[in-house]
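S.K.: Chain A is already provided as a structure; the job is to place chains B, C and D on it using the hints.
So the protein sequences, as listed, match chains A, B, C and D. When we follow the numbering used here, the leftmost residue of the first sequence carries the number 1, and every step to the right adds one. When we follow the numbering used here, the leftmost residue of the second sequence carries the number 1, and every step to the right adds one. When we follow the numbering used here, the leftmost residue of the third sequence carries the number 1, and every step to the right adds one. When we follow the numbering used here, the leftmost residue of the fourth sequence carries the number 1, and every step to the right adds one.
There's no promise every hint is true.
If several chains are the same, the list does not tell them apart, and a pair holds so long as it fits within one copy or across any two.
[Said to hold, decoys possible] Derived DSSO-like pairs (lysine-lysine); straight-line CA-CA distance at most 30 Å: (1) 170 - 2; (2) 2 - 158; (3) 158 - 170; (4) 2 - 57; (5) 105 - 2; (6) 72 - 57; (7) 158 - 69.
None of these hints come from the bench; they were simulated from the model.
Take a look at the letters that make up each chain.
4 protein chains.
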Amino acid sequence: MKNEMTIIYLITTGGTIEKVYSEQTGSVQNVDNKIDRYLRMLRLPDSEVRVMPLMNKDSLEMDREVILKTVKELLPEDVPIVITHGTDTMVATGLYLQRAIPELKIPIVLTGAMTPLGFEGSDGLQNLTESLFAARVLDPNFYVVMHNQVFPVHRVGKEQSLARFVWDEKKLE
Amino acid sequence: MKNEMTIIYLITTGGTIEKVYSEQTGSVQNVDNKIDRYLRMLRLPDSEVRVMPLMNKDSLEMDREVILKTVKELLPEDVPIVITHGTDTMVATGLYLQRAIPELKIPIVLTGAMTPLGFEGSDGLQNLTESLFAARVLDPNFYVVMHNQVFPVHRVGKEQSLARFVWDEKKLE
Amino acid sequence: MKNEMTIIYLITTGGTIEKVYSEQTGSVQNVDNKIDRYLRMLRLPDSEVRVMPLMNKDSLEMDREVILKTVKELLPEDVPIVITHGTDTMVATGLYLQRAIPELKIPIVLTGAMTPLGFEGSDGLQNLTESLFAARVLDPNFYVVMHNQVFPVHRVGKEQSLARFVWDEKKLE
Amino acid sequence: MKNEMTIIYLITTGGTIEKVYSEQTGSVQNVDNKIDRYLRMLRLPDSEVRVMPLMNKDSLEMDREVILKTVKELLPEDVPIVITHGTDTMVATGLYLQRAIPELKIPIVLTGAMTPLGFEGSDGLQNLTESLFAARVLDPNFYVVMHNQVFPVHRVGKEQSLARFVWDEKKLE
Chain A
1 MKNEMTIIYL ITTGGTIEKV YSEQTGSVQN VDNKIDRYLR MLRLPDSEVR
51 VMPLMNKDSL EMDREVILKT VKELLPEDVP IVITHGTDTM VATGLYLQRA
101 IPELKIPIVL TGAMTPLGFE GSDGLQNLTE SLFAARVLDP NFYVVMHNQV
151 FPVHRVGKEQ SLARFVWDEK KLE
Chain B
1 MKNEMTIIYL ITTGGTIEKV YSEQTGSVQN VDNKIDRYLR MLRLPDSEVR
51 VMPLMNKDSL EMDREVILKT VKELLPEDVP IVITHGTDTM VATGLYLQRA
101 IPELKIPIVL TGAMTPLGFE GSDGLQNLTE SLFAARVLDP NFYVVMHNQV
151 FPVHRVGKEQ SLARFVWDEK KLE
Chain C
1 MKNEMTIIYL ITTGGTIEKV YSEQTGSVQN VDNKIDRYLR MLRLPDSEVR
51 VMPLMNKDSL EMDREVILKT VKELLPEDVP IVITHGTDTM VATGLYLQRA
101 IPELKIPIVL TGAMTPLGFE GSDGLQNLTE SLFAARVLDP NFYVVMHNQV
151 FPVHRVGKEQ SLARFVWDEK KLE
Chain D
1 MKNEMTIIYL ITTGGTIEKV YSEQTGSVQN VDNKIDRYLR MLRLPDSEVR
51 VMPLMNKDSL EMDREVILKT VKELLPEDVP IVITHGTDTM VATGLYLQRA
101 IPELKIPIVL TGAMTPLGFE GSDGLQNLTE SLFAARVLDP NFYVVMHNQV
151 FPVHRVGKEQ SLARFVWDEK KLE
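Next comes chain A alone, as it looks inside the complex:
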């Protein structure tokens, strides 16, 4: 019974974690879903991660309504959801989802990266590993999970100069 597969939804929306280097332009861009390739580096013998590539956008142009619609469609299945997202607007998207979904029976985990997956010094695979783990063990709530940290979305802010998230004690629910 316990040795059955656990389903986790992984919604990808773009952001730094999925950026690629373009040899033609010499810049980094969101072109395509690249998380699949890195997911295959992880051993997940009893987890079935269902990747849903939703969009490939930069953090600043995220379409929150589309994300909300997708999350709402998945909620009846009662399985945890991980959302990869640009870090600049990750908290705003998390708060938007939280306001729109008052009742939650699963954990919804937002994650991303400061440096794209596969670039030297990337935190992408670490954050992906942590988020899939968080999705299995955390209580129902909306979280940001990165860098061995867990933040409820209403208590977190990005510290741009340090390239990390920190607790925001001033924020109220």
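M.R.: Quick look at chains B, C and D alone, frame taken from chain A:
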């Protein structure tokens, strides 16, 4: 307040996760603590991981008494403990610790790897990432954490042919 | 006698091969010499590579006079020279050096990368490996060495859309 | 004309360069040809590398007659040949081929690795890169190519304690 550092002890004992390839003998061996090098690949902005290299032994010759003694000395500090260990005897060591420590106020997480850190296809960094995360979020208990799975030590067994751990429903407390 | 060290000069000037990802700006930049770090991944038991970080510039703003001055100062030592360079203007720099140095007793090898060192799919370490090898075995001349190819600088052109160099049959000496 | 493909034969025979870590036995073994996977990491836009997996043997049990037979069959095609081989008996195999093939119109390059491809600190990809390059630029002869060094097979010996090859000045032709 919440932006303070969290301490995690990481006791290393050898096992596959720390094996290195010897160019002189053409075999893999436990020579020295090598977890430090891989730990530096992880971003842990608010975690202070204190590595305690205890021994460098193969799974079969683990000295459980030394591990127990070290764990007992750390318990009064009330901070979570991760122990890297050979996978063949990881469960036995976990059960030994559990029997000897009836009262526990922190999570104690055993982890390791099927393929050494830094070898192609290694699960070492994934398991290390998950265990440091588990140490921060799980309730007090003795666990095996690997491959996106969390097992209490009295409910788990190694499935050698599959190179993974599975739930052992028959085991009694 | 033959087991003595061979000296190779490695002049670094920036270009894609040395670009790094900036977490603050989300773009790739030439900030600092990073070839040292990758050079240490190579085994060079009888080669003493003397790295000379000359500048950290994008291909378009290369200062050829400074490169020429440095090369001329090294010529009396009679040891091969590798120059890492942006690929867009690599050929122009090679032709400039060739015109200014009519007599050559060593090979001068220009190399670079289409994707920065340490980024997924980078050709940087391959090109660095090949260039150091070329510096030891090729006859005196000015070369572009990349992707298992050797071109005299007056017979080569960059094919931007294919992210590679090709023979330019039309060029005259 | 010059932008045509260049053919290189790559005969694989096993040895350390192709060893894999077995999770079942905890040891390294020659199981299968694994060079293909690493070859795909190199950019070879005008080289067609034809991999011929001949055997998967440890250095000590090499079957030189089979290698010689294969090489002889390829000689009429007049294209360079790289042979990956265990380092302990690489020189002996090279000398064996040299004695059996008095006339040579192409370079035959023997290479291998001290640490298997894909293991931390491996020299495998460096040696593979160098050998494919050597196959294109060196004069006809029998060579050992590794670690930015080129040795004619009759002038080289392995220095086991240093995990490298060195010039053997005493050897006579």
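S.K.: Could you run down the list of hints and mark each one as holding or not?
M.R.: Tested hints:
1. 170 - 2: between (42 Å within a copy, 12 Å between copies)
2. 2 - 158: between (38 Å within a copy, 15 Å between copies)
3. 158 - 170: within (14 Å within a copy, 47 Å between copies)
4. 2 - 57: neither (38 Å within a copy, 32 Å between copies)
5. 105 - 2: Intra 20 Å, inter 26 Å, cutoff 30 Å: intra and inter.
6. 72 - 57: Within one copy only: 21 Å inside, 49 Å across.
7. 158 - 69: Within one copy, since 25 Å is at most 30 Å while 41 Å is not.
In the structure shown, a violation is registered for the earlier hint numbered 4 alone.
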